[in-house]
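Asker: Given only the sequences and the hints, what does the whole structure look like? Please build it.
Sequence positions in the sequence shown follow my numbering and run 1 to 181.
In short, the hints are calculated from the structure, not lab data. Please read all numbers here as calculations on a predicted model, not as lab measurements. One thing to keep in mind: the hints can contain errors.
[Unchecked claim] The list that follows gives simulated cross-link-like pairs (lysine-lysine, DSS-like), each with its CA atoms no further than 25 Å apart:
no. : residue 1 : residue 2
1   : K26       : K56
2   : K56       : K67
3   : K91       : K56
4   : K110      : K67
5   : K139      : K100
6   : K67       : K26
7   : K139      : K19
8   : K139      : K21
9   : K91       : K21
10  : K110      : K91
11  : K138      : K67
12  : K138      : K110
13  : K139      : K91
14  : K181      : K110
15  : K50       : K26
16  : K67       : K21
17  : K26       : K181
18  : K21       : K110
19  : K91       : K26
20  : K138      : K100
21  : K19       : K110
22  : K110      : K50
23  : K56       : K181
24  : K21       : K181
25  : K50       : K138
26  : K50       : K100
27  : K67       : K139
28  : K19       : K67
29  : K138      : K56
30  : K139      : K50
31  : K181      : K67
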Amino acid sequence: MKILVLLCSLLALTSFAPKPKLTSVKVAPGLSVGVPQGFTPLPDEGIAVKFPSPRKPLAVYTSPNGKVDYSVAVRPTMFGPDYNVLLPMYKASIQRLYTKVEFLTQEVRKVNGREFVALEFVSTLSDSRRSNALATLKKYEYIQYSVQGEQLYIFSFSAPAEEQAQWRPVAQAVQSAISLK
Numbered sequence: 001m002k003i004l005v006l007l008c009s010l011l012a013l014t015s016f017a018p019k020p021k022l023t024s025v026k027v028a029p030g031l032s033v034g035v036p037q038g039f040t041p042l043p044d045e046g047i048a049v050k051f052p053s054p055r056k057p058l059a060v061y062t063s064p065n066g067k068v069d070y071s072v073a074v075r076p077t078m079f080g081p082d083y084n085v086l087l088p089m090y091k092a093s094i095q096r097l098y099t100k101v102e103f104l105t106q107e108v109r110k111v112n113g114r115e116f117v118a119l120e121f122v123s124t125l126s127d128s129r130r131s132n133a134l135a136t137l138k139k140y141e142y143i144q145y146s147v148q149g150e151q152l153y154i155f156s157f158s159a160p161a162e163e164q165a166q167w168r169p170v171a172q173a174v175q176s177a178i179s180l181k
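Answerer: Structure, rendered in structure tokens:
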């Protein structure tokens, strides 16, 4: 009985938790996102270090301590917007990138009238190929994909796995604040 009362109290307290404060930012024509307050744009040098790729993201915002990032990228795609086909494809792609993936959310969802593939997960990357293996990396990640014309838009929120409880409500708010027209 005590456990039930404690559980109900905890549920009541968390249901009144304040919503994360976001600042609306126009990333490109027809594309606005909600960025957590306190996050700042990552300069090109920082993007090159954290996101080494021939195609630079449209925008990257980082937390004051630099541990949490929110990025927006666009890539050409030949796939149409059949999200029920894209979901297993992107899920498999993520599973190939990491040693272990624990999915929290894997769905096709609507945000502001637009469909997205939403994949929320905790990833583990370990290096066991060498004798001097690197430390295991664990991350909490929430990625959404949307197709517009011949462009794939990728919205990615990433935080240390040990800070998942703190950042998950923020990631969910950020991923619900995308406006792509």
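Asker: Next, verify each hint and record whether it holds.
Answerer: Going down the list of hints, with the structure as the test:
1. K26 to K56: holds (17 Å)
2. K56 to K67: holds (19 Å)
3. K91 to K56: holds (23 Å)
4. K110 to K67: Answer violated: K110 to K67 is near 28 Å, above 25 Å.
5. K139 to K100: holds (11 Å)
6. K67 to K26: Given pair K67, K26 holds - Cα atoms ~23 Å apart, limit 25 Å.
7. K139 to K19: holds (23 Å)
8. K139 to K21: holds (23 Å)
9. K91 to K21: Roughly 29 Å separates the two Cα atoms, so the pair is violated.
10. K110 to K91: Answer holds: K110 to K91 is near 18 Å, not above 25 Å.
11. K138 to K67: With a Cα-Cα distance of about 12 Å, the restraint between K138 and K67 holds, given a limit of 25 Å.
12. K138 to K110: Violated, at about 28 Å.
13. K139 to K91: holds (16 Å)
14. K181 to K110: The given pair, whose Cα atoms are some 13 Å apart, holds under the 25 Å limit.
15. K50 to K26: holds (22 Å)
16. K67 to K21: holds (18 Å)
17. K26 to K181: It holds: about 12 Å lies between the C-alpha atoms, which stays within 25 Å.
18. K21 to K110: holds (21 Å)
19. K91 to K26: violated (28 Å)
20. K138 to K100: Satisfied, since the Cα-Cα distance of roughly 9 Å is no more than 25 Å.
21. K19 to K110: holds (20 Å)
22. K110 to K50: violated (29 Å)
23. K56 to K181: holds (22 Å)
24. K21 to K181: holds (23 Å)
25. K50 to K138: Within the cut-off at roughly 16 Å; holds.
26. K50 to K100: Holds - the C-alpha atoms of K100 and K50 are around 21 Å apart, at most 25 Å.
27. K67 to K139: holds (10 Å)
28. K19 to K67: Holds, at roughly 21 Å.
29. K138 to K56: Status holds; Cα separation ~24 Å.
30. K139 to K50: holds (14 Å)
31. K181 to K67: Violated, at about 30 Å.
In the structure shown, a violation is registered for the earlier hints numbered 4, 9, 12, 19, 22, 31, in ascending order.
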